[in-house]
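*Asks:* Residue strings, one per chain:
Number of protein chains: 2
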Amino acid sequence: SLKRAVAEYLSQDLPNKLSPDDVYLTIGCTQAIEVILNVLARPNANILLPRPGFPYYEARAVFCNLEMRHFDLLPESEWEVDLNAVESLADENTVAIVIINPGNPCGNVYTYHHLKGVAEMARKLGILVIADEVYDHLTFGSKPFVPMGIFGSIAPVVTLGSISKRWIVPGWRLGWLVTNDPNGILKKHGVIDSITGFLNISSDPATFIQGAIPQIIQNTKDDFFSKIANMLRETADICYDRIKDIPCITCPSKPQGSMFVMVKLHLNLLADIEDDLDFCLKLAKEESLIILPGIAVGLKNWLRITFACEPSSLEDGLKRLNAFYQRHAKKQ
Amino acid sequence: SLKRAVAEYLSQDLPNKLSPDDVYLTIGCTQAIEVILNVLARPNANILLPRPGFPYYEARAVFCNLEMRHFDLLPESEWEVDLNAVESLADENTVAIVIINPGNPCGNVYTYHHLKGVAEMARKLGILVIADEVYDHLTFGSKPFVPMGIFGSIAPVVTLGSISKRWIVPGWRLGWLVTNDPNGILKKHGVIDSITGFLNISSDPATFIQGAIPQIIQNTKDDFFSKIANMLRETADICYDRIKDIPCITCPSKPQGSMFVMVKLHLNLLADIEDDLDFCLKLAKEESLIILPGIAVGLKNWLRITFACEPSSLEDGLKRLNAFYQRHAKKQ
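Line by line, the protein sequences are chains A and B. Just so you know, the UniProt record's numbering puts 54 at position 54 of the first sequence, and the rest follows in order with no gaps. Just so you know, the UniProt record's numbering puts 171 at position 171 of the second sequence, and the rest follows in order with no gaps.
Among the hints, a few may not be true.
Just so you know, same-sequence chains aren't split out, so a pair can sit in one copy or run between any two.
[What the hints assert, rightly or not] Listed next, the in silico DSBU-like pairs over lysine-lysine satisfying Cα-Cα at most 35 angstroms (straight line):
#1 331 <-> 282
#2 285 <-> 3
#3 285 <-> 188
FYI, nobody ran anything at the bench for these hints, they're computed from the structure.
If we strip away everything but chain A, and leave its shape as in the complex, we get (with noise of 0.2 angstroms):
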């Protein structure tokens, strides 16, 4: 069945293996994230959120009622989940944090150490981890892709995913969520009925996308995939080498997964830049060059950088982008 190759898939890296039960199709890892927010959904509850983010997290939120408590992630530490910062902000309205990794838009990639720090920290709280893991085995630095799953005898997990990024079919739209609990928490709490109930009243993903997970997942040759994470190790070096020739722009850790990267933009030493945004504005208009502001993932006065893109291309974007610095540099 399908949800038997899902689980499959995904126990091939866990020590618990998935049965078919613990897994939920989605119409892409967007659903998941509605599925799981509407289902933790209660007056008074609040979830914790990293900073910066995927910001449909807080739209999702914000639609059903969910207040959200921002957590920062540290540039300093390889964007690591400051958790201090988690204990001090959770209190016993809080049902869930969010953990993205590979890290989106950060490009981090956690270790084993410190997911069973934020593993360890949930269970301290006595809530829930949403693991997106979207960008799952999306990695091409030294460090590998644990999946969070491997903690959830700590506390319960959620793993959401999807074909989209690792198989480059964002449209197909095929997701999942998983529930990684083996010790029955969340059945016990009620969770994996509303989970059932979410889905029952609303849409599948296509059949005949669904009939082809089976080969899809198990027949892809690893082949296809180390020559993405070839082309995105390359891409991730261009980037981060040409940066540093860009002085209004500093990148605190080099990408290590998914598609991004973070920078952080010194104003100081630009004439006329108001702040982000105005700087990609202006970016756009002059160059052509589009570069999410960081305010749109919650980090003001940081961009994100997408290097998911022909090395000829981003050689020639990054180009632009210092010719655009050189014309708005402050005269020393």
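Fit chain B to the supplied structure of chain A, relying on the hints for placement.
*Replies:* Just chain B now, with coordinates in the frame of chain A:
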């Protein structure tokens, strides 16, 4: 463009031509219902729903805290809307009325005259008409399908549809929400902005289904549709005739559209059947025949019979239904 293809397709039957901007693509008609109910939900608002109806409306209305008020469809008047009931149910917090035509579960096809009456009532009440036309053009009786959008200048009409039924591809998950509102009332009241906002945080239909839409809509031969209409006409006839031979059920009006017919269950002719649910459970157990109990669509002690199947299977099923009746008939 895709929206243009849908706009042109629906405009064939309308006096005011639709523009692509009037069209919103959705993940089946299911998501179209989700969108419009969420958009209309606000504290104290209520919506008028048909009884019997399509229970997904009830599920979604409950989920978004939209109060439901049910008006009857009149079995002795070919399941027309009880407009007097509509008028007395509505108040200043009523936002919309849902009309399903061709009808699920009743198989009704409404006349131009009746639909105009609905539009005039909506105008009188100052409410929106939600026209669920997912079975559009699936008609096979004497009455032609009349789209509610014709009356968009009397009251604003939001038409919901999909390729699921007419093209018989429910699993492809491609539907639409279309506004027929030449007077711009929906835009003025912020409904259009809300629709756009809701879809902004929702998943889209799978891209390659979207890509296929113009071809599907423009290049399907009339032959394909007339074949389906002929099949449904044949099975509707079989269904209607055989039902006459089964004393415990009566059909108030012959279905002219969709794939369903509602029949009244006469419990006084049965020895050991408590109600419609009991009837259907025993029928499934004894005859391996599945019929939907009316209570599931809001009408206790009725049954919904589907005739979208092979004539021979249908004959067989109705024979089993008769055998079941004979076995449970009250001895005179």
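*Asks:* A separate judgement is required for each hint: does it hold in the structure or not?
*Replies:* For each hint, the structure was consulted:
{"no.": "1", "hint": "331 <-> 282", "verdict": "within (19 angstroms within a copy, 87 angstroms between copies)"}
{"no.": "2", "hint": "285 <-> 3", "verdict": "between (47 angstroms within a copy, 29 angstroms between copies)"}
{"no.": "3", "hint": "285 <-> 188", "verdict": "between (55 angstroms within a copy, 33 angstroms between copies)"}
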